[in-house]
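Just so you know, the sequences run in chain order L and H. In terms of our numbering, the first sequence has 128 at position 128, counting the first letter as 1, and numbering is strictly consecutive. In terms of our numbering, the second sequence has 1059 at position 59, counting the first letter as 1, and numbering is strictly consecutive.
Since the hints were made in silico from the structure, they are not lab data. Quick caveat: nothing in here was measured; it's all calculated off a predicted structure. Check the hints yourself; a few may be wrong.
Example chain H residues on the side facing chain L (calculated, C-beta under 10 Å, incomplete) [claimed, not checked]:
#1 T1002
#2 I1071
#3 G1074
#4 I1188
Estimated spans, in silico, between C-beta atoms of each pair [said to hold, decoys possible]:
#5 L/N137 with H/P1134: 51 to 57 Å
#6 L/P72 with H/A1032: 18 to 24 Å
#7 H/V1084 with L/G131: 58 to 64 Å
Coverage of chain L stretches by chain H, computed from C-beta distances (three or more under 8 Å per stretch; other residues unrestricted) [to be verified]:
#8 3-10
#9 60-66
We put the beta carbon where it would ideally sit given N, CA and C, even for glycine.
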Amino acid sequence: MSDPLRRAGRLLVGTLLVYALLVATHKGEFWPFSIYPMFSQAGNSWSRAVVRDVSGDSASVEWSSVSREHLPGRPFALRPHGVNNIDLANFVSKTETWTPRRVNGLRSLFADDLTDHTLLVMRVNGEMNEGDSVVVNFVPYVYLEADSTAVAPFLPTGSDG
Amino acid sequence: MTRFLHQLFGFHVTDTRGERLFFYAFELFVAACTLKYAWSWAAHVQQLGDVVLPLGIAQYIDVSVFFESWIAYGAAGLLTASVVLGALRWWRYGYVAALLLLHLLFAARYSQGEIPHSSNVLGMTLLGLALALPAFDAERLRRRFTIGFTYFFIGLGYTSSAVCKLVATGPQWVDGHHLQLWVHEKSIDVFAATGSFNFTFAQEMVLEYYWIATLFLIIGLVTESLAISMWWPRLRIPTVLAVLGLHAGIYLTMRIVFAITTLELILLALPWACLVTRVLNGTSSSTDEECPLPHFRAAPTTEPPVHADPGAPASA
Chain L
1 MSDPLRRAGR LLVGTLLVYA LLVATHKGEF WPFSIYPMFS QAGNSWSRAV
51 VRDVSGDSAS VEWSSVSREH LPGRPFALRP HGVNNIDLAN FVSKTETWTP
101 RRVNGLRSLF ADDLTDHTLL VMRVNGEMNE GDSVVVNFVP YVYLEADSTA
151 VAPFLPTGSD G
Chain H
1001 MTRFLHQLFG FHVTDTRGER LFFYAFELFV AACTLKYAWS WAAHVQQLGD
1051 VVLPLGIAQY IDVSVFFESW IAYGAAGLLT ASVVLGALRW WRYGYVAALL
1101 LLHLLFAARY SQGEIPHSSN VLGMTLLGLA LALPAFDAER LRRRFTIGFT
1151 YFFIGLGYTS SAVCKLVATG PQWVDGHHLQ LWVHEKSIDV FAATGSFNFT
1201 FAQEMVLEYY WIATLFLIIG LVTESLAISM WWPRLRIPTV LAVLGLHAGI
1251 YLTMRIVFAI TTLELILLAL PWACLVTRVL NGTSSSTDEE CPLPHFRAAP
1301 TTEPPVHADP GAPASA
């Protein structure tokens, strides 16, 4: 084997070893290394988030889940406002306790918009029912006004540690 | 092993002007996309307020410091300088520095819970360049190593994805109901991003006909499973084209676009170097001598002679 080929082989094997070590010790992900597990767990329920513009709505917030046909307010499209919908979805679903820091983190995503809008962040849950149909529910989570925030009463809140 | 490395890297195959020009374009593409990611991520972290899910290096250092504008933009600026120095061959560790800085910016940008894979292919290619420049003196060897390294890890990545699916769910992964559930999930993503809710024609077909949904998943899983075929030059064109087809199917059913990955696959799927060589030579002949395809041609059955001075710079 020529020297460049031997060197290339060692680099390949070395990279594979580092790759394996990093993904094995970091739950399959250490950019740019990955085991690419996306969509591997099929059939599981999912969670996403949408935002509704409820500016001017005089009724108080109803904290119960609704279907898409009964959503409050109007759509608040995230893309034109520079908010990544995946970031928001993960923020909402992965927050275990809505501490002041988490609430402020959520508000910071909409900092420029709250002066003109009152927003309702809703978690969207989807799952397959026994009849193999997809059921989607929208659950109000956080109500954002210019100078106040209301978190759904069923969500755990607490102080920053 | 030796035969496999010969086929993967093609160090012994004759260099052509078309291959050199193709690689200049390929490296320019990688550099440009690296800068695009760096500056867009640096800009995005300005609106972040808290680390939700630390990834990579963020598990060991506090990446929220990048949420301060000057630090993120400073990192992007340093990265830009590193890429330029590496591309101009003024600093052989330029791409190493760029890769490390890009990892930091990735960890800061994707600290909100999402674990994206849109930049992994480019990241592995950048790693290939980062290893090639310090390891080899000859440009010909650097080119061949980078391309072979890229094919190896792209193929490995897609096949790994198939293995993950079979391990996590088993053969029943291809059940069309699973795709129907994902289509609804992605429709909510579009609804959240745009404010409008609708299904594409392909999505409606998947939702209406279970067998179409199942067929999509079967084709996708088989394509991923066979992706490591691109390790062998004879199979590269059909394999990479099949992977491109996979991404087309993902876009039609899930409306997920991996733009930069797709562009890189297009660069790797087709014999661009051969086309350039033909244009430069002014011939339409398809003989191997006039249109060598080292990246797509199988290695000879006997080991080729060793070069007298493998470290000597090749003629550019």
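Hint by hint, here is what the structure shows:
For H/T1002, the suggested interface contact is upheld, since its CB lies about 5 Å from the closest CB of chain L, less than 10 Å. Hint status for H/I1071: violated, given a least beta-carbon distance of 17 Å to chain L, over 10 Å. Using the Cβ-Cβ criterion of 10 Å, the hint placing H/G1074 at the interface with chain L is not satisfied: the shortest such distance is roughly 20 Å. With 10 Å as the threshold, the beta carbon of H/I1188 comes within range of chain L, its nearest partner Cβ sitting at about 5 Å, so the hint holds.
Evaluation of the 51 to 57 Å hint for L/N137 and H/P1134 yields a pass: the beta carbon distance comes to about 54 Å. Checking the proposed 18 to 24 Å range against L/P72 and H/A1032 shows it is violated: the Cβ atoms sit about 44 Å from each other. Between H/V1084 and L/G131 the Cβ separation comes to about 59 Å, which falls inside the hinted range of 58 to 64 Å. Coverage of the segment 3-10 of chain L by chain H holds. Counting CB-CB distances below 8 Å, 6 residues qualify, and the rule asks for three or more.
Three residues within the 8 Å Cβ limit are the bar, and the segment 60-66 of chain L against chain H gives 0, so the coverage statement is violated.
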